[in-house]
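Novice: Letter by letter, the chains look like this.
Protein chains: 2
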Amino acid sequence: MQAEIITIGDEILIGQVVDTNSAWIGQKLNHIGISVKQISSISDDRNDILSTLRAAVNRADLVIITGGLGPTKDDITKKTLADYFEVGFKRDEGTLEQVKTLFERFKAPLLPVNIAQADVPENCLVLPNKNGTAPGMWFEDEDKLIISLPGVPFEMKYLMEEEVIPRIQQQFKLPYIVHLTMLTAGIGESFLAEKISAIEDILPKHIKLAYLPKLGQVRLRLSAHGTDKIALENEVNLIASEIKKLIAPYLISDTDIPIEKVILDFMEKKNLKLAIAESCTGGYLAHQITQHPGCSSVFAGSAVAYSYDMKESMLDVKHETLTQHGAVSAEVVEEMARGVINRYQADYSVSISGIAGPDGGMPEKPVGTVWIAVANKTKTLSRKFQFGNKRKENIERSAISALIMLHKLLKEDYA
Amino acid sequence: MQAEIITIGDEILIGQVVDTNSAWIGQKLNHIGISVKQISSISDDRNDILSTLRAAVNRADLVIITGGLGPTKDDITKKTLADYFEVGFKRDEGTLEQVKTLFERFKAPLLPVNIAQADVPENCLVLPNKNGTAPGMWFEDEDKLIISLPGVPFEMKYLMEEEVIPRIQQQFKLPYIVHLTMLTAGIGESFLAEKISAIEDILPKHIKLAYLPKLGQVRLRLSAHGTDKIALENEVNLIASEIKKLIAPYLISDTDIPIEKVILDFMEKKNLKLAIAESCTGGYLAHQITQHPGCSSVFAGSAVAYSYDMKESMLDVKHETLTQHGAVSAEVVEEMARGVINRYQADYSVSISGIAGPDGGMPEKPVGTVWIAVANKTKTLSRKFQFGNKRKENIERSAISALIMLHKLLKEDYA
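Protein sequence lines correspond, in order, to chains C and X. Position 231 of the first sequence, counted from 1, bears residue number 307 in our numbering, the numbering being contiguous throughout. Position 394 of the second sequence, counted from 1, bears residue number 470 in our numbering, the numbering being contiguous throughout.
Isolated chain C, as found in the complex:
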């Protein structure tokens, strides 16, 4: 079964919001064995919606549309879908109740545009939206399935998880898609390819290998399509185990989890505590870690210390060290790492201090200069990195580099 996703909204085309819905939907569909053939983002324009929908329906069995279902005048998806199917509207009493309930809860007066949200094309099955006022709509047209969902991510996600996925699984017999992803660090894409070229050359046609490079890491992804789930998994696992032998020194994980989660899982198993001291990454590294549920069993906390004062008072960095070597130096990150590990009685610590930019560079320390230290109870290691002049990338690269250093130290300590 092949699907396409259409996201509707000018805000995506002018780049005001990033379309995160499509990736999320793509993941969910893949997990139930539906491959996404194309994602199209288009404007809130009647003709564009009609022609894109027609093209998608021609290519795919399932089309999921998000966006354009709000109560305001710029949202025209529902009206356009009625035109596409050449049907009129019906009032959905369940939706009307939901709208009324939500407005009562917020003690807000019910406006005609809100009531109109309960009017849906005659031929649709309504998917009740517990989180908002725009319902999902399920259309069956000959052998094609077209589903329209609100663009607000948490409303869309709720409807996908509670309504769309269960209904699709019930209605269709789906093939299997097996993905296996390995995370590597410390080796470039082409060197990785060179190492595993013998395997890549003899891959069967139904198995694809992809390289996904990102900020000092490369993820290797095997994807296999077929009907026999167990055979497919065995086949993929066998190929993966051959690949793993060839790339062992660079392998961070053989499942598709980010490096900080690999570290959290390992430290949790070993009952270890982590503390962080951040300057130029400004909370980003702590955020990467704390986005994962259950991190509190490992993560003690982070001191985001921007100023000299805070580095001294929060992290016990000596005033002389700061004045003699500057905040971006081996000496300061090492004191930050020791300060935070001692103060919070952690087993491991990471510290980062650098010039994220775009300003603040000096001749001997240009923008992108970052010092990172990792420490265990007895040892502190520091390293200098020279990144570019983009603030966001410098922050992300610093955090990833710190995690790679920490992963290496843990690997050595528990070899």
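No lab work stands behind these hints: they were computed from the structure. Possibly wrong hints are sitting among the right ones.
Given that identical chains are not distinguished, each listed pair holds provided it fits within a single copy or across any two copies.
Distance condition first, Cα-Cα at most 30 Å in a straight line; then the derived BS3-like pairs of lysine-lysine [to be verified]:
#1 K305 <-> K149
#2 K466 <-> K206
#3 K394 <-> K460
#4 K284 <-> K220
#5 K104 <-> K281
#6 K453 <-> K346
For this one, chain C is given, so just place chain X on it according to the hints.
Specialist: Chain X in isolation, oriented as in the chain C frame:
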């Protein structure tokens, strides 16, 4: 001039990476008066690339393609473009030099696949990629312009900024697109629409109004197309000023900047310092603030205190307060806010403590319960929020709510 963007890569379709390139390119094109008609994400598949490119070239004058230019076997964009134009390959000596230089710098041996990156379709103009080994390629075909760029964001961005945008501006006379965005908080989309419906009803055809709701905020965007830049700006500004009168109590900003930047700019002007104490948001709020260059003149730092211990030692929360009321309580967030403002001699502080989930809820404090406090030198205000059960959304909503509370307090203090 109308453009389309095609992003190539299975990783986007299976949802392993979010396509952020398209939004970025959309923004850049809009700023020079080119509107993006469609964004299509497709697989590394020859037929899909060919048919999508043909469809895009039919609809638009300019097509920008990203991705599929790596040295590995899954990347087939370059080969497919040569097929599309029915041309052979030429070796680009400049690219070969660049590849050699990069490999020398990294002290890595040059592989045949890397050398092959210097081979490009005969009919292309090479756009040198200073940040990587895959060059950009500029194709002119009858009256259409097709540009192929690497998918790695910082390589793509470099090529867009240094090569693509300047060349397009030189070669074409472009119309103007004026966007004006206003940020509101504390009012729902339909109430906002009700307040400004009189204006919306009489908007001229070349001006569009869009509502972009996101986590407790709604952005209102006016977009106007035309040829006379000054007249267009005047017209949009006039409409905006009428709208602003009607929504004054909810207006956070009349430019398209996020709320934390509004706060940073205001606090910088008033020479005020901000300190943060985070528990459940785990560094996310600090990261939101520190992603902005120059934040160090306002932002002192953040204590990301996950455990009771750290709340006591980093933020002077009293042990009894924690044991009597629990970490998620008015009392604790208020002590956190006072602790961090005093300790770091800030003028304002924000503190957050909650249950981000998905686990850790209790009957009287279910997942999604979040307490937030804001403080100035003399006053502390706290408020309880009840969000849902999604960790990521709870973190984001908590941070936004804290910023809205801080903005309100600043507005009152400096009314």
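Novice: Can you tell me if K453 and K346 fall within 30 Å by alpha carbon in one copy, between copies, both or neither?
Specialist: Within one copy, since 15 Å is at most 30 Å while 44 Å is not.
Novice: Check K104 against K281 for me: Cα-Cα at most 30 Å, and say if that holds within a copy, between copies, both or neither.
Specialist: Classified as within: same-chain Cα gap 24 Å, cross-chain 40 Å, threshold 30 Å.
Novice: State whether the alpha carbon distance between K466 and K206 is at most 30 Å within one copy, between copies, both, or neither.
Specialist: Between copies, since 15 Å is at most 30 Å while 41 Å is not.
Novice: Cα distance capped at 30 Å. Does K305 pair with K149 within a copy, between copies, both, or neither?
Specialist: between (47 Å within a copy, 26 Å between copies)
Novice: Under a CA distance limit of 30 Å, which applies to K284 and K220: within one copy, between copies, both, or neither?
Specialist: within (28 Å within a copy, 33 Å between copies)
Novice: Indicate which option fits the pair K394, K460 if close means a Cα-Cα distance not exceeding 30 Å: within, between, both or neither.
Specialist: within (20 Å within a copy, 40 Å between copies)
In summary, this structure violates none of the numbered hints.
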